[in-house]
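Participant: Under my numbering, the first residue of the first sequence is numbered 3, with each subsequent residue one higher.
In short, the hints are calculated from the structure, not lab data. Please note: incorrect hints may appear among the correct ones.
Straight-line alpha carbon distances no greater than 20 Å define the calculated PhoX-like cross-link-like pairs of lysine-lysine that follow [as the list claims (entries may be wrong)]:
no.	residue 1	residue 2
1	Lys-637	Lys-549
2	Lys-53	Lys-38
3	Lys-38	Lys-610
4	Lys-548	Lys-610
5	Lys-361	Lys-380
6	Lys-549	Lys-610
7	Lys-548	Lys-449
Computed Cβ-Cβ distance ranges for the label pairs, DEER-style [as the list claims (entries may be wrong)]:
no.	residue 1	residue 2	range
8	Glu-78	Arg-559	26 to 34 Å
9	Glu-34	Gly-71	44 to 52 Å
10	Gly-292	Glu-524	48 to 56 Å
Just so it is clear, the structure is predicted and the values come from calculations on it, not from any experiment. Ideal placement from N, C-alpha and C gives every residue a C-beta, glycine not left out.
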Amino acid sequence: MYRHLEHRLAQRITEFLSRRYPGASLPGVVIEPPPKVELGEFAIPVFPFAKPLRTAPLRIAETIRAEIGAIEGIAEMQVAPPGYLNVKVDRAWLAGGLAADQKPAADIPAGKILVEHTSINPNKAAHIGHLRNAILGDTFVRLLRYAGREVDIQNYIDNTGVQVADVVVGFTQIEKKSRAEIEALTRQPRFDYYCWDLYARVSQWYAQDKQNLQVRAQTLHGIEDAASETAAIAELISTAVLRRHLETMDRLDIEYDFLPRESEILQLHFWEAAFVKLKEASVLTYETEGKNKGCWVMRRAGTASNPEAIGSAEEASDISEEDQKVIVRSNGTVGYVGKDIAYHMWKFGLLGRDFGYRKFYRYPNRHECWISATEGEKDHPHFGDVAEIYNVIDARQSEAQNTVIQALRGLGHQEAADHYAHFSYEMVALTPRCAAELGYTLSEEDKTRSYIEVSGRKGFGVKADDLLDQLIASARNEVDSRHPQLAEEERAAIATQIAVGALRYFMLKFTKQSVIAFDFKEALSFEGETGPYAQYAVVRATSIFKKAALDPDTFSREVAGNLSTADFAQYLAAESANEIWELWLASAKTSYIVDQCIATTEPAYLAKHAFQLAQLFNTFYHRYPILSETDEKRKKFLLATVAIVRRELIRTLAVMGITVPPVM
RNA sequence: GGGCGCGUAGCUCAAAUGGAUAGAGCACCGGAUUUCUAAUCCGGUGGUUGCAGGUUCGAUUCCUGCCGCGCCUACCA
């Protein structure tokens, strides 16, 4: 509702200005919320029009106010010095629409979207950094779906890289385990934890003797030969760890549709197909001398003086060594950026090849997750060939991502490149205090840092399942003391919901570009700006209806039928109603916020919205007795207020992947 | 050296395309009518937005230069 009204207002003002001041070239209309609700719901700064119109801001504002005419949903406009046009909406009109849950049609762009997230190397347990990735990605998917878009969720699996090779080395060389022994281990619970420790030991083993690195190279080579024993062991390990990752993420209600693996990208010769096209388009050039002699190289992203010229012969022939990115090594093998280019051509349907597909994992809710295969099942969903992609990958890989985009441009796929979004976010690190708690010895330098990077190689970090277990245990303590009468199973379920709410909210409250310095104290907090705070607001709202012997969902659906526009006007129009009006106004903004989140690829705004709704509700809850209200009509209105805020808060939390327990 | 990003209250973070008095949470201090109410609410303390210039009617936001910090910059992935 709010979003729709804002669009209409912007449109009408733009139209009016071009009609009233023909010929003038004016900047776009900016609409923002005024600092206080007393001033209205929308504010338009008119300063930008003053100079081109050679007219004082206040006069322009007054002209718009006096001459624009009636706009549906807008009650009045006021001119405010030094140059704002403040707009007040028709509160009863907006409240009526909100109560009826009207959703004005929005323009939904056509075309499927592919969101790739999680993409953990399948060689060890997931840690908190991976959680941030998966939660951001999953929330973004929910945002897109809320906005009516069709989305496929992919989780890319690098099952043939050095990280998997290292764990293979650990099992075969350090532990001297046979394939059968390894297979038995994969069936043990939390096999990924075993690998976590082993991976750290392998890193130490390499450090002990540089000779050991040769074993890694051999193993890596062996994995690429799909028929080898090494490849079979790697497949065994990576598949088992992958299953564990899916289980871990499922604890947070995070699911995937398709798992493309690097092994199939290799075996189905995606690269060879891309290589031909890249050479034809002169995106790659062959170096005949210097440091990169014998390699096929590409210009590193961000180093071109004239990005438009990429792919042209004169540009390609002259890349300084420093600006070269090796795509194909002199021994003929291709690096990961090359594979990534081929893979992304596939995503946009530009490669002319496809994966085979087979079923891999069935979620408890019966949703099927598919995996790539050299020879797949006959019937399968159609993946790839999408209109837009979002890659949730941390900021450290932005240069590599940009290189892939540049390759697409060089191939002439401008539209694909324009719809390739690197959803970049910063890492999760640990506070020095947290690192110390984990038993990590800090150097003097480390102690002064605000955060310390986690390291899978060192086995230094907080594992996802451990954190979740701790959160559940902590929530369970609270639930047990508050609701000892509830059945064991019920308390467990509530504690889990609270833990997931706390974790997901925690990962979403920070903006993407902020490094999260992880700290148990903060992450385990259930008070203040947290998920449980928002969940609790909903529980409170629900409890009002319970006491009143009403079903909140039924009530909220029937609000519009029970309260007329005149009723809303009676209770919302007055200045004294501002406090309650703020709840209605904030509730009306959900779709608007969702749009903002998508446009800026920033889910943190959604967390802010949830917090704001919860905060407004808690204040209202404290200040306005509802069930004891003697005026029946007013009581109904107050209940409607509760019902609408509750509805929007539940929706907002659902988009964040957070559910609400029945009691807390 | 080059590229990207960051620097805001004691701590952790907000502040959409530049807008009205820079906001939250935590911590600390002081309070909350036997109610639908404490995983909550109200009040208080706390700021030269790293520094210096510039653009603008207006700068936390844009530009330039410094200072400090992080990440990337492999024929690793």
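Participant: Falls inside 26 to 34 Å, the C-beta gap from Glu-78 to Arg-559?
Facilitator: holds (31 Å)
Participant: Has the hinted range 48 to 56 Å been met by the Cβ atoms of Gly-292 and Glu-524?
Facilitator: Once the Cβ atoms are compared, 50 Å apart, the range 48 to 56 Å for Glu-524 and Gly-292 holds.
Participant: Would the hint linking Lys-53 and Lys-38 be met if the CA-CA limit is 20 Å?
Facilitator: This hinted pair is violated, its Cα atoms lying about 28 Å apart.
Participant: Holds or violated: Lys-548 and Lys-449, Cα atoms, limit 20 Å.
Facilitator: Cα-Cα ~52 Å, so violated.
Participant: Starting from the range 44 to 52 Å, see whether the pair Glu-34 and Gly-71 falls in it by beta-carbon distance.
Facilitator: violated (23 Å)
Participant: Taking 20 Å as the top limit, are the C-alpha atoms of Lys-361 and Lys-380 close enough?
Facilitator: holds (11 Å)
Participant: With a cut-off of 20 Å on the C-alpha distance, tell me whether Lys-637 and Lys-549 pass.
Facilitator: holds (14 Å)
Participant: Is Lys-38 close enough to Lys-610, meaning Cα to Cα at most 20 Å?
Facilitator: With a Cα-Cα distance of about 18 Å, the restraint between Lys-38 and Lys-610 holds, given a limit of 20 Å.
Participant: Would you mind confirming whether the straight-line C-alpha gap from Lys-548 to Lys-610 stays at or under 20 Å?
Facilitator: violated (28 Å)
Participant: Decide if the proposed pair is consistent with the structure: Lys-549 and Lys-610, CA atoms, cutoff 20 Å inclusive.
Facilitator: violated (30 Å)
The earlier numbered hints that this structure contradicts are 2, 4, 6, 7 and 9.
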